[in-house]
Amino acid sequence: MNNQDKENLRQMFEIFVNSDQAEEAAEDIRRAEQILDEYPAPEPDSRLLARIKAEVTAGLQQSKAGIHRRMVYKIAVAAAAAVVILAAVSVKLFEKGVVVPQKFTYTPAIPRTIWESKLLADDDENLASLTAEFEDIESEVLAVHSGKTNGNSNMAELEIELTEIDSDFWKG
Amino acid sequence: MAKSEDLAPIIIGCKKGDPQCFSKLIDVYASRCYGFFYRLTGNRTTSDDLLSELFVRLVEKIGSFKGGSFDSWLFKTASNIFADYLRDRQRQDKKIQAQKSILQPEQTENRHQENEPLDKLQVQLGRLDGDTRQLIMLRFYSQLSFKEIARMRSEPIGTTLSKLHRGLKKLRDLMEQQPYE
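Heads up: the sequence lines are chains A and B, in that order.
For the first sequence, position 132 matches number 132 in the numbering used here, and the numbering has no gaps at all.
For the second sequence, position 134 matches number 134 in the numbering used here, and the numbering has no gaps at all.
Simulated from the structure, these hints should not be mistaken for laboratory data.
From a predicted model like this one, the values you see are computed outputs, not experimental measurements.
We put the CB at the ideal spot given by N, CA and C, even for glycine.
Some hints here could point you the wrong way.
[As the list claims (entries may be wrong)] Simulated pairs of lysine-lysine, BS3-like, Cα-Cα distance not exceeding 30 Å: (1) B:K76 <-> B:K16; (2) A:K74 <-> A:K92; (3) B:K24 <-> B:K95; (4) A:K53 <-> A:K64; (5) A:K64 <-> B:K76; (6) B:K66 <-> A:K74; (7) B:K66 <-> B:K120; (8) A:K118 <-> B:K66; (9) A:K64 <-> B:K147; (10) B:K61 <-> B:K15; (11) A:K53 <-> B:K169; (12) A:K64 <-> B:K61; (13) A:K64 <-> B:K120; (14) A:K64 <-> B:K16; (15) B:K15 <-> A:K74; (16) B:K61 <-> A:K53; (17) A:K53 <-> B:K76; (18) A:K74 <-> B:K61; (19) B:K169 <-> B:K147; (20) A:K53 <-> B:K24.
[Claimed, not checked] Cβ-Cβ distance ranges computed for the label pairs, FRET-style: (21) A:G66 <-> B:K120: 46 to 56 Å; (22) B:K95 <-> A:R51: 23 to 33 Å; (23) B:K100 <-> A:A78: 52 to 62 Å.
[As the list claims (entries may be wrong)] Which residues of chain A face chain B? A few of them, derived with a C-beta cut under 7 Å, are: (24) A25; (25) I29; (26) I35; (27) L48; (28) I52; (29) K53; (30) G59; (31) A78; (32) F94; (33) Y106; (34) P108; (35) I110; (36) E159.
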């Protein structure tokens, strides 16, 4: 049973025209299609069918060969590209003479003596000299406050010294 | 019309490139497709060529069939092949006309030079316009429903129904009234 047998022509026409017109239109189609049945078209020649089958088989073989050729071509292109890339990388490495490190060495950023020190002010030379400077300044300030020295000249020296210390400290 | 469950393994085989399955497909559809082309062209030689073209194209295009009605897909391809043939013929006709007007302007020739006799139906079909003739043949040989034909032609079902009704009615009138020439 084909799809035409399943459809109800009258019902389809009834969507667009009234019931009587739909019946008439459906009947027109049925009768006209009967005429087509009465005049069958000629059948294709058996030699034609054999020729078409041979053409189709040849076409299939060509298409398979084409697919194979395309696949081989793709693989060849990929392999050639890989060889070119490898060669380019090798030439670059050879030109630069890149030496791959054999062994890694580690050096601490902070000296071991300072890292392990229990009294940092004594073991770190910079810190020791800074501490000494502070002590000197402290004694001088005390002298100024007690009036043992001439305040003006001592204060000026003190300021100069503080400035030097400050700049030296930040220089490291 | 082949049952879709019988056709499914054949189409799967065709998609895999099996020549045996293509051979079966040709056996199932050759008669109807040949009838379709013959009624549109009225010429056996042209119908032979178009049928051959259809199945050769099928080998190339079968991969694009994504399911649904195979008959609809096949007859859509057949209609496209016929449209291509018409375009080619129009181009050739123009070329021939141009050459004739240059070389022998006084000579006119009937384009139909075939000796093969046409049956009454073929003669009366020739009196219908091309689109109506194609619609009638599509309906008759593809055995598709109106809904499928309307979808294939990308037009509303009412338009298809009306065109086909008018065309068939005119054909019936011609067959009943006109004497066989």
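Hints, verified against the model:
1. B:K76 <-> B:K16: holds, 22 Å
2. A:K74 <-> A:K92: holds, 27 Å
3. B:K24 <-> B:K95: violated, 40 Å
4. A:K53 <-> A:K64: At roughly 16 Å apart (the allowed maximum being 30 Å), K64 of chain A and K53 of chain A satisfy the hint.
5. A:K64 <-> B:K76: holds, 26 Å
6. B:K66 <-> A:K74: Since the Cα atoms of K66 of chain B and K74 of chain A sit roughly 27 Å apart, the hinted pair holds (cutoff 30 Å).
7. B:K66 <-> B:K120: Measuring from Cα to Cα gives roughly 40 Å; hence the hint is violated.
8. A:K118 <-> B:K66: Violated, at about 83 Å.
9. A:K64 <-> B:K147: violated, 38 Å
10. B:K61 <-> B:K15: Between K61 of chain B and K15 of chain B the Cα gap is close to 9 Å, so the pair holds against 30 Å.
11. A:K53 <-> B:K169: Not satisfied, since the Cα-Cα distance of roughly 39 Å exceeds 30 Å.
12. A:K64 <-> B:K61: Distance ~14 Å between K64 of chain A and K61 of chain B Cα, so the pair holds.
13. A:K64 <-> B:K120: Not satisfied, since the Cα-Cα distance of roughly 46 Å exceeds 30 Å.
14. A:K64 <-> B:K16: holds, 10 Å
15. B:K15 <-> A:K74: Distance of about 23 Å is within 30 Å: holds.
16. B:K61 <-> A:K53: Given that 30 Å is the threshold and the Cα spacing comes to 16 Å, the pair holds.
17. A:K53 <-> B:K76: holds, 21 Å
18. A:K74 <-> B:K61: holds, 23 Å
19. B:K169 <-> B:K147: OK: K169 of chain B and K147 of chain B at ~20 Å, within 30 Å.
20. A:K53 <-> B:K24: holds, 10 Å
21. A:G66 <-> B:K120: 46 to 56 Å: holds, 47 Å
22. B:K95 <-> A:R51: 23 to 33 Å: holds, 29 Å
23. B:K100 <-> A:A78: 52 to 62 Å: Check passed, 57 Å falls within 52 to 62 Å.
24. A25: Check passed: Cβ of A25 of chain A comes within 5 Å of chain B, closer than 7 Å.
25. I29: At about 6 Å, which falls below the 7 Å cut-off, the nearest Cβ of chain B leaves the hint on I29 of chain A intact, so it holds.
26. I35: Hint holds; I35 of chain A Cβ to chain B Cβ min 5 Å, cut 7 Å.
27. L48: holds, 5 Å
28. I52: holds, 5 Å
29. K53: holds, 5 Å
30. G59: It holds, given that the least Cβ distance between G59 of chain A and chain B is near 5 Å, below 7 Å.
31. A78: Result: violated, 24 Å to nearest chain B Cβ.
32. F94: violated, 49 Å
33. Y106: violated, 63 Å
34. P108: violated, 69 Å
35. I110: violated, 72 Å
36. E159: Not OK, violated: E159 of chain A not within 7 Å of chain B, min 92 Å.
The structure fails hints 3, 7, 8, 9, 11, 13, 31, 32, 33, 34, 35, 36 (numbered hints given earlier, in ascending order).
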